[in-house]
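Going down the list, the protein sequences come from chains A and B.
Positions 0 to 322 (numbering that gives the first Met the number 0) are the ones given, in order, by the first sequence.
Positions 0 to 322 (numbering that gives the first Met the number 0) are the ones given, in order, by the second sequence.
Accuracy of the hints is not assured; some may be wrong.
The list treats identical chains as interchangeable, and a pair is accepted whether it falls inside one copy or across any two copies.
[Claimed, not checked] Derived PhoX-like pairs (lysine-lysine); straight-line CA-CA distance at most 20 Å: (1) LYS301 / LYS258; (2) LYS301 / LYS257; (3) LYS257 / LYS6; (4) LYS232 / LYS264; (5) LYS301 / LYS265; (6) LYS301 / LYS264; (7) LYS244 / LYS258; (8) LYS265 / LYS232; (9) LYS244 / LYS264; (10) LYS73 / LYS232; (11) LYS73 / LYS6; (12) LYS244 / LYS73.
Hint data in this document are derived by calculation from the structure and do not stem from the laboratory.
There are 2 protein chains.
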Amino acid sequence: MAPVVEKWAEEVRAGDVRALSRAITAIENHDATAEPLLRVLFPHTGEAYLIGVTGAPGTGKSTLVDRLAAHYRKQDEAVGVIAVDPTSPYSGGAILGDRIRMQGHAADAGMFIRSMATRGFLGGLSRTTSEVALLLDAAGKRRILIETVGVGQDEVDIVRLADCVIVVVVPGMGDDIQNMKAGLMEIADIFVVNKSDREGADRVEQQLNAMLSLVMPQHGWHPPVVRTVASEKRGVDTLAETVAKFREHFASRPERQKKHVEHWKKRLLELLESRLLERAVDGAAGEAQLEELACEVAERRKDPFTAVTEILARSGLGVRGQA
Amino acid sequence: MAPVVEKWAEEVRAGDVRALSRAITAIENHDATAEPLLRVLFPHTGEAYLIGVTGAPGTGKSTLVDRLAAHYRKQDEAVGVIAVDPTSPYSGGAILGDRIRMQGHAADAGMFIRSMATRGFLGGLSRTTSEVALLLDAAGKRRILIETVGVGQDEVDIVRLADCVIVVVVPGMGDDIQNMKAGLMEIADIFVVNKSDREGADRVEQQLNAMLSLVMPQHGWHPPVVRTVASEKRGVDTLAETVAKFREHFASRPERQKKHVEHWKKRLLELLESRLLERAVDGAAGEAQLEELACEVAERRKDPFTAVTEILARSGLGVRGQA
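In isolation and in its complexed conformation, chain A is listed as follows:
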C-alpha cells in the first residue's frame, strides 16, 4: 500500500476533520483513491452503532438528530452525523446547511456532521452513505446518526444500513399515517411523535398504537412510541434510553448478524454494479457511444435490447456466442 494512503488512513483513524472531509469527497466523486483508503480502514470498522432517523419533510428530524447527538456527546461518546437529502441536487446547499448546523458544535472535535446530496452518474446514494458510515466508524465515532427524508425506496435502503431505525411523525399527520403503509411500518424499530406539544399528539399516538397492535412483534420487539419536543429538548433522554434498550435486546440475538450479512449482500451487489458499469461505459468514448445509441432508440430506429447487446459486445463484456 502506498505510504500516502497509509498516512491518510492514520489521520482518518485519529479523527482528523480535514482527512475525513477529503475522504468523503473522494467517495462522493468515485475518486480512484477512495477504494485503497477504505481497504486499509475496513479491518478497523464494525464498532460503531448506527441509528437511522427518517420521516416526512417538516417533522423536525434535523432538530431531533441534533439533540440526540448532543445527548451522546454529553456522555462523552464520539458522534458522527450523516444527513442525506437526495432531493437536493445542490451540494452547495448541503454544505451551507452543515455550516449552520455545525455552529452549535463548532469547537467540538468529538462531533462530525456531513450532509450528502450528490448522486453521481454511476452509483447510488446508499453506496456512498454506507461508505461514509464506514469511514466515521474507522474514525472512532461510536454513534453514527443517519438522517434521511423517508418515503422513497432509496431512503428505505439507506435507513436499512442502521442498527436501529427511528421513524418520526408529528401531530396532524392523520392521512399520512394511513398512507405510510407497510414500508415504513416494517423498518421502524422505534416511533417518535415529535412536536408532541401540538394539538393532535394523543390522536397520532393512538393511530400509531392501533396500527402497531395489528402487527406481530418482530423477534420479540414491539416498536414503542416515544413523545418528544426536540426544539425544547423534551423526551430526548427517554428516546436515548429506548435506543439503548433496543440495542440490548438485539445484542445477543442471531438476527443482528443476519441483518449485517443482508446488508453486505446488498453492498457487494452495488459494488459489482458500479465496477461492471464503469467497464461497459468506459470514459468519454463510452459515454459518446451511449449517447448515440440513446438517440437511435429515442427515434425508434433501434430497440433498447439490441442497443445494450451492442454496448456489451464493444466493451468485451458480451456473452460468448451472442456478442
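Once you've looked at the hints, dock chain B against the given chain A.
Chain B only, in chain A's frame:
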C-alpha cells in the same frame, strides 16, 4: 420471433386487458418472456403523452389522477394509469387498491389502471415503470398517468419519465414547501394546490409563487400554480388545459427530443446493469456464493473490494490481468 409472442403482442396492441396484465406481471417478475414481447412492441411506441403526478402522502394525488383520467376519457382518449408505491412491499395491497380504484371505471375498456409496488432482487422500479409505460403506449393509451409518492430519488427518477410533471401540494404544508427544496422544484412543470377549499390555500399558493419568482423560467416556461378540489372535480378542467398548453409549448422545441435521449441513456444503463448483474450472480450457486462472501465481509475476514473481485473472477467477468 415465436408465434406465441407475436400473438401476445397483437393482443396487447388491441388493448386486451388480460394480455396487458400478463405482460406487466412478466415485466415485474423479470420473466424471460418480457424482453421478446417488448422487442416486438417497441416500434409501435412513442405515441403516448406521459403525465407524472407526484406529491407527499395525503395530498390527494390518487383522487386527482382519477379525476384527470376521467376528464380524458370524456374526450374519448384511451387512458393508462400506473400508480407506483415503492414503500409498500405488498403487491397484494396494490392489487386490492386497483380493485377499489377500478370500481368507477369497471366497464370502461378505454381505461387501464395498474398499481406497482414490487421490487425484485435485481433491477429497480423505474425500469419496471418505464417498461409498463411502453406496454400501455403500444396498447394505444394516448394519455398515461404515472402517480408516485414523491420525495425520494427513486420517485424523482420515475417521474422524470414523464413528458409533463405535476407536483401536488396542499394547504398547511408550509414547512414542507420550505423543505421541498430544489429537487421537486426542478422537476415540476405545473404545481397543483389540491384541497384548495381548505384554510391556508392562499398562503401555500403565495409561498409557491414566492419560490418560483426566484427561479428562472426554463426553456421559456414558468411553472403555473393551479388550484383544485379533486374530490369535487373542481379545477380539473383547468389543470387539463394547463397540461395541454405545456404540451404545445414544448411540442416543437429541441428540449423535448433531448429529454427523450436523456431518458433512454438512463434506461440503457439500467438494462446494462441488470444484464451484467444477472451474469455475475447467476442462479442459486451465484446467490450462495454471494451469501458466503457477505458473511466473511460482515465478520471482517475479508474486505468488500476483494470479495467483489472474486465474484467477477469466478463468473468470467474479471478484468484480464486482475482476475
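Here is how each hint holds up against the structure:
no., hint, result
1, LYS301 / LYS258, "between (43 Å within a copy, 18 Å between copies)"
2, LYS301 / LYS257, "between (45 Å within a copy, 17 Å between copies)"
3, LYS257 / LYS6, "neither (34 Å within a copy, 46 Å between copies)"
4, LYS232 / LYS264, "neither (38 Å within a copy, 48 Å between copies)"
5, LYS301 / LYS265, "between (33 Å within a copy, 16 Å between copies)"
6, LYS301 / LYS264, "between (35 Å within a copy, 13 Å between copies)"
7, LYS244 / LYS258, "within (18 Å within a copy, 51 Å between copies)"
8, LYS265 / LYS232, "neither (36 Å within a copy, 45 Å between copies)"
9, LYS244 / LYS264, "neither (27 Å within a copy, 48 Å between copies)"
10, LYS73 / LYS232, "within (13 Å within a copy, 55 Å between copies)"
11, LYS73 / LYS6, "neither (31 Å within a copy, 70 Å between copies)"
12, LYS244 / LYS73, "within (19 Å within a copy, 58 Å between copies)"
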